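Protein chains: 2
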Amino acid sequence: MLADGDVRLVDPATPVFSAFDLAPTRGDGAFESLLVQAGQPRKVPAHLARLRRSATALGIAGPTSAEWERLIAALLAEPVETDAVLKLVLSRGVEGEAGYTAIGTVSPLSADILRQRRSGIAVVTLSLGWPADARAAAPWLLGGIKSLSYAINLAAGRQARERGADDVIFTSAEGLLLEGPTSSVVWAVGSTLRTPPVSTGILAGTTQQALFAAAGPAGLATETSAGTVAELHAADGVWLVSSVRGAAEVVALDGRTRSPTDLTPLVQRLTGIG
Amino acid sequence: MLADGDVRLVDPATPVFSAFDLAPTRGDGAFESLLVQAGQPRKVPAHLARLRRSATALGIAGPTSAEWERLIAALLAEPVETDAVLKLVLSRGVEGEAGYTAIGTVSPLSADILRQRRSGIAVVTLSLGWPADARAAAPWLLGGIKSLSYAINLAAGRQARERGADDVIFTSAEGLLLEGPTSSVVWAVGSTLRTPPVSTGILAGTTQQALFAAAGPAGLATETSAGTVAELHAADGVWLVSSVRGAAEVVALDGRTRSPTDLTPLVQRLTGIG
Chain F
2 MLADGDVRLV
12 DPATPVFSAF
22 DLAPTRGDGA
32 FESLLVQAGQ
42 PRKVPAHLAR
52 LRRSATALGI
62 AGPTSAEWER
72 LIAALLAEPV
82 ETDAVLKLVL
92 SRGVEGEAGY
102 TAIGTVSPLS
112 ADILRQRRSG
122 IAVVTLSLGW
132 PADARAAAPW
142 LLGGIKSLSY
152 AINLAAGRQA
162 RERGADDVIF
172 TSAEGLLLEG
182 PTSSVVWAVG
192 STLRTPPVST
202 GILAGTTQQA
212 LFAAAGPAGL
222 ATETSAGTVA
232 ELHAADGVWL
242 VSSVRGAAEV
252 VALDGRTRSP
262 TDLTPLVQRL
272 TGIG
Chain C
2 MLADGDVRLV
12 DPATPVFSAF
22 DLAPTRGDGA
32 FESLLVQAGQ
42 PRKVPAHLAR
52 LRRSATALGI
62 AGPTSAEWER
72 LIAALLAEPV
82 ETDAVLKLVL
92 SRGVEGEAGY
102 TAIGTVSPLS
112 ADILRQRRSG
122 IAVVTLSLGW
132 PADARAAAPW
142 LLGGIKSLSY
152 AINLAAGRQA
162 RERGADDVIF
172 TSAEGLLLEG
182 PTSSVVWAVG
192 STLRTPPVST
202 GILAGTTQQA
212 LFAAAGPAGL
222 ATETSAGTVA
232 ELHAADGVWL
242 VSSVRGAAEV
252 VALDGRTRSP
262 TDLTPLVQRL
272 TGIG
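Line by line, the protein sequences give chains F and C.
Our numbering puts the first residue of the first sequence at 2, with every later residue one more than the last.
Our numbering puts the first residue of the second sequence at 2, with every later residue one more than the last.
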């Protein structure tokens, strides 16, 4: 954790959030999850830039990027032997007090994550209820902000598991594709990768952006495109991409098995996670 | 806090939530705010019943009502001299571990609360983006659940203050009335009190319900009714009602001053908070 800009390391079992902190009482803050590979955190500048954007949008004067980097370095000072997930949590802090709460943690990757990356995922589409343009017109709906208020995202995941699936693709009220609860959706039509526009209020995915930046040199075109569930069924490949799991191929969508695509090894190589 | 069903009291400055607890990291849990008057918590059964419904909907096996009541009694064992707010927070607990985290706090009422109860509030209407029927069809959107993921509710409050107002009435995508970020909306047409239906995904307001239950014997009729902002402008009285602030009269709506109503003392008396 960061206290007055200084790093303080505590045992994982030691509580760190006050009962009056607005993260546990109101989900009021922002977070990022980074993959640690061979002891090195990936895409640190992209994650810290998004965390800064989230904090600014929420009106939280959080740590500087240099302070976050000191926290990351301290968390990784002891060698991490396997791949791990590093989480950064920024809270508005204790209600009524100045300042903020800034916490970092490192955890091993779950077996589920590794299995889903390797073998793909069964996905259901669930409506997020909002028309695709609702959040762009209403900044208080926190479109594009990776906030700590993720109860709906987690409830959607539970709904997916109740239906025998692993994960979710949210759709808008009109049936347009949005994103996963913790991932971006990418699909291939021929040798073109597509993803929905951030004007729908979805997060700007750091892994989706890295994948698209690497796609051109590898011979793949990229497009930002409003898509539908029908287009996913017809696509040549569908993935949920995120920082920790990487590109997980969607092998079943709303109960219909998809034919595996031979693009997945390339997409995973381009994300740098595989 | 409750630990294995036993009450443990800690100093308010002592951190109580782990960095891996799903309340601070994901807003994954539920809460209630109770008013304490003359040392006595109000509407305990109604709040504990709603907390139980929230926990069940979230799939969190929280404390029993008897355990919560022991926590409340312990928190109020030392006399509370002025009115206070007692908060109960239930978290899904530490990620990957069985169990939950259950916390209670007692704080003095803010000066703002007392001023708003006495002098009324300026309110702006903000869209919550959802069609009025979106949440009833999609339980993962957590309609009717008082979850810890309140970042949108707080952001709406900041938006109101940026516009020079005190509070918000959320509307649906079609412009129907929903609720405040931390309150129910009630309006009077003649001697009839109206409030929107819970089928819109709003919370069942414990104070609104207590007010409506007390209204009949006091000569006021009550109705559950989809309403519009235009109907609020035309109403004979408008209030945001909640457990801690009670009935706060809306004295300005979207920048238009409302004529004060002489119903407010009666409405406040019927809520038992004034």
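No lab work stands behind these hints: they were computed from the structure.
Some hints could be false.
It does not matter which identical chain is used: a pair holds within one copy or between any two.
[Said to hold, decoys possible] Think about it this way: if two alpha-carbon atoms lie no more than 25 angstroms apart in a straight line, the pair counts; the simulated SDA-like pairs of lysine to any residue are:
(1) K88 <-> A99
(2) K44 <-> L77
(3) K88 <-> E163
(4) K88 <-> P16
(5) K88 <-> A227
(6) K44 <-> R257
(7) K88 <-> A138
(8) K44 <-> V125
(9) K44 <-> F21
(10) K44 <-> A214
(11) K88 <-> A50
(12) K88 <-> P261
Just so it is clear, the structure is predicted and the values come from calculations on it, not from any experiment.
Using 25 angstroms as the alpha-carbon threshold, which applies to K88 and P16: within, between, both, or neither? both (16 angstroms within a copy, 19 angstroms between copies)
Same-copy or cross-copy closeness of K88 to A50 [CA-CA at most 25 angstroms]: within (15 angstroms within a copy, 35 angstroms between copies)
Between K88 and A138, at a C-alpha cutoff of 25 angstroms, which is it: within one copy, between copies, both, or neither? neither (30 angstroms within a copy, 33 angstroms between copies)
State whether the alpha carbon distance between K44 and V125 is at most 25 angstroms within one copy, between copies, both, or neither. Neither: 29 angstroms inside a chain and 41 angstroms across chains, both beyond 25 angstroms.
Within, between, both or neither: K44, F21 at alpha-carbon 25 angstroms: between (33 angstroms within a copy, 23 angstroms between copies)
Measure nothing new, just compare the shortest in-copy and cross-copy C-alpha distances for K44 and A214 to 25 angstroms and report within, between, both or neither. within (13 angstroms within a copy, 57 angstroms between copies)
Measure nothing new, just compare the shortest in-copy and cross-copy C-alpha distances for K88 and P261 to 25 angstroms and report within, between, both or neither. neither (32 angstroms within a copy, 51 angstroms between copies)
From the Cα coordinates, with 25 angstroms as the cut-off, is the pair K88 and A99 best called within, between, both, or neither? The answer is both: 23 angstroms in one copy and 21 angstroms across copies each meet 25 angstroms.
Taking 25 angstroms as the upper bound on the Cα-Cα distance, should K88 and E163 be classified as within, between, both, or neither? neither (27 angstroms within a copy, 32 angstroms between copies)
Using 25 angstroms as the alpha carbon limit, work out where K88 and A227 are close: within a copy, between copies, both or neither. Neither. Shortest intra-copy (30 angstroms) and inter-copy (43 angstroms) distances fail the 25 angstroms Cα cut-off.
When no copy is specified for K44 and L77, does a C-alpha distance of 25 angstroms or less occur within a copy, between copies, both, or neither? Within one copy, since 15 angstroms is at most 25 angstroms while 49 angstroms is not.
Can you give me the call for K44 and R257, within, between, both or neither, at a CA distance of at most 25 angstroms? For K44 and R257, neither the intra-copy (34 angstroms) nor the inter-copy (49 angstroms) Cα distance is at most 25 angstroms.
When each numbered hint is compared with the structure, violations occur for hints 3, 5, 6, 7, 8, 12.
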